Amino acid sequence: MSSETKQILTTDGIPLEVSLKKAEKKNKIKAFLLVAPLLLFLIITYVFPIGEMFSRSIDDKMITNMLPKTFNEMEKWDGQELPPEEVFAAFYYDFKVLVEKQEHGKLGQRLNKEKNGFNSITKKLFRQVKRKKIDESIGIKEQIMAIHKRWRNVEYWQAIKRTAPPYTMAKYLKGMDMYYAADGSIVQVEEDRRIHRILWLRTLEIALLVTIFCFLMGYPIAHLLATLPMKYSNLLMICVLLPFWTSLLVRTASWMILLQQQGVVNDFFVMIGLVSDDSRPEMMYNKVGTYVAMTQILLPFMVLPLYSVMKTISPSLMRAGKSLGGTPFVAFWKVYFPLTIPGIGAGCLLVFILAIGYYITPALVGGASGTLISNQIAYHMKTTLDWSFASAMGLMLLTGVLVVYWIYNKLVGVDNIKLG
Amino acid sequence: MGKNPEFVKFDKVDKSYDGKVLVVKDLQLDIAEGEFITMLGPSGSGKTTCLMMLAGFETPTHGEILLDGNIISNIPPHKRGIGMVFQNYALFPHMTVYENLAFPLRVRKVEKDEIDKKVDKALSMVSLNGFETRMPAQLSGGQQQRVAVARALVFDPAVVLMDEPLGALDKNLRESMQYEIKHIHESIGVTVVYVTHDQSEALTMSNRIAVFNDGKVQQLSDPAELYEKPVNSFVAEFIGENNTFNGEVIDIDKNKCKVKLANSEILANPISVKSKGEKTTVSLRPERALINPTDKMDNMFTGKIEEVIYHGDHTRVRLNLLESSEFILKVPNSTSNLELKVTQDIKIGWNSTDARALDPK
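Just so you know, the protein sequences line up as chains B and Y, in that order. For the first sequence, this note's numbering assigns the number 1416 to the initial residue and increments by one for each residue that follows. For the second sequence, this note's numbering assigns the number 3 to the initial residue and increments by one for each residue that follows.
Simulated from the structure, these hints should not be mistaken for laboratory data. Note that the structure is a prediction, hence the values are computed from the model and not measured. Each hint should be verified, as a subset may be incorrect.
Straight line, CA to CA, 25 angstroms or less: simulated DSS-like cross-link-like pairs of lysine-lysine [unchecked claim]:
#, chain 1, residue 1, chain 2, residue 2
1, Y, LYS14, Y, LYS119
2, Y, LYS111, B, LYS1749
3, B, LYS1484, B, LYS1589
4, Y, LYS120, B, LYS1749
5, Y, LYS363, Y, LYS27
6, B, LYS1797, B, LYS1589
7, B, LYS1556, B, LYS1516
8, B, LYS1749, Y, LYS123
9, B, LYS1749, B, LYS1825
10, Y, LYS81, Y, LYS119
11, Y, LYS256, Y, LYS276
12, Y, LYS278, Y, LYS231
13, B, LYS1749, Y, LYS119
14, Y, LYS276, B, LYS1749
15, Y, LYS123, Y, LYS111
16, Y, LYS349, Y, LYS258
17, B, LYS1646, Y, LYS22
18, B, LYS1749, Y, LYS81
19, Y, LYS276, Y, LYS258
20, B, LYS1539, B, LYS1564
21, B, LYS1539, B, LYS1556
Please work from the sequences and hints to get the whole structure.
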């Protein structure tokens, strides 16, 4: 016992642990300096932008800064009936400042998102303030209420109160087709307006099916690659990699040429008499196009990890399985297949994660029924300019991928992944 | 004995991979039941191809292979019931030792109790009891080797093929495994076809050895005969160490011939030479030449020591003798050993019966 608890000393009397740390310090610093550029790169290109996205997605400070006095007064208001004179006055003075800074338009837009109808009544209020029609010496509440009947509606004031906190989860709720009701509770949007939920499910479905298709097609190819003699396998490898080296856009465009109604594939179907000329099937601008093009484009990501794992499996194992009495199928299923699971795991994870965030291909060949959540994100970034909503959905996608990764780790174990 | 002397039969088997070169040429080989036969040869001599044809992983280009009187060329490997030990063991890395051994029994739908019994028996045969739950990666090379042997034997196959199974082991382990495999063979009496390029392994283990070269069996005989009486210069060269002299027969009678070297003449035992004027290679085992021979020997020469190498149990001496500086002597190390020094001249002698005049190299 005593020898275990006693500290071991070096010949110089320094504790062994201290001496070891000293000896390894230099190496540790060296190792850290080696990875430091990469670490910096990751922080700049990954951690920082994601942090930025996150803060943008929940940021609601703009309106908080616009109406400081109003929110201050609103804290005393219970939110049940029309607010008292002080709130109206505070709102008026805040608004006046905005008019001077010419920022009243932004306020109107922001409030309009919270509740329809704000745009026009803030414009009306703006005209009154601009013309200095509001007498500051008498009751402001009555004057504002006289401008438009909506100013007399308590719901509009409740909407303003809801925008008070500097942070909001509203964008995330919107991404899941939900919103804050007037009383602050979370409710779902009407059934016929739930577009995002459909998109999420479709994204998941397409990613899953593309992964399965890639697996079904990639497994035999990878097996051939790993077992064929060098001169054939090199050629096959080039066939697998050639599309990989071709621009994504070119490949997608060539699928458009192939799959369109007057395209090569349809012509062929008509030629062999599979379909008649006037009932050519639509294979593009729908899910079919997305499946076909994405499977082809993501196939190398399945083949390569599978190949690298299969390459390490000695052919004598299959022979051993057969010589011990297993039929070729038993030898494959009991011996070969279990050994390829690390490659299957890596390939499926890679393809699934790439597919779930795929953008260009669904945008070009997907049409209305074949677009994914990433297309929606792009739409909000480029068209509606609602960057905070785009950020929120981007983060939801990232979270989804991390969840998939976590589940995968529980099922297969990340240690079992082999990329080569 | 009632044992079938033609249990495995290669009948005029040819094998070519590319249609141009024959890897195995007109192979005629009978293997008796319960025999331990070794196919020995340099790499590329066709020995592994023969094994693979027997196992069913390669098909003969011409000829038939018979197992217990039945032609097996059209039977797939998994129905031949031949056990095989592979070069790198080929243990299934994702299965425990128990599962590895149970595999051939499970595919044969053997009862669970029976499997347990057989696995236990096979493991005790290679003294690996208690290793059932280990994974192959947790075993040492020698242990993996034993598991591979046990797995090839656990389903009681009629024939077990071993393809250089000891190649990856270190020298000491290899030697002890040689004895172990030999003992297993003796105790269960299974027919073993063993492939190796290591001649000492072949000599230690086999009942008979088939020396392969260039797709043909050069000599098929028991170890002692193979070493003592090689029938051609390839076998003499390949098995054991060998001193050779190239020359021409100038005189020949029934059991003696005179061979003329560049500047001298030696007496030899005519094996493959028939008449005067033939070129020949005379082969002499290093241990058959003696220093300062006391008996009367019909070949007596003087040579100069070029090199002395200490080998523990014996000393190798390289001599310059009869215009060749590659003459090797093996001298056992004993207390009465001679003081051998480089540049010293010594007398060497041997009997002409030990110098075999074979085909020219």
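Hint by hint, where does the structure go against what was stated? Just the numbers, ascending. Of the numbered hints given earlier, those the structure breaks are 1, 3, 14, listed in rising order.
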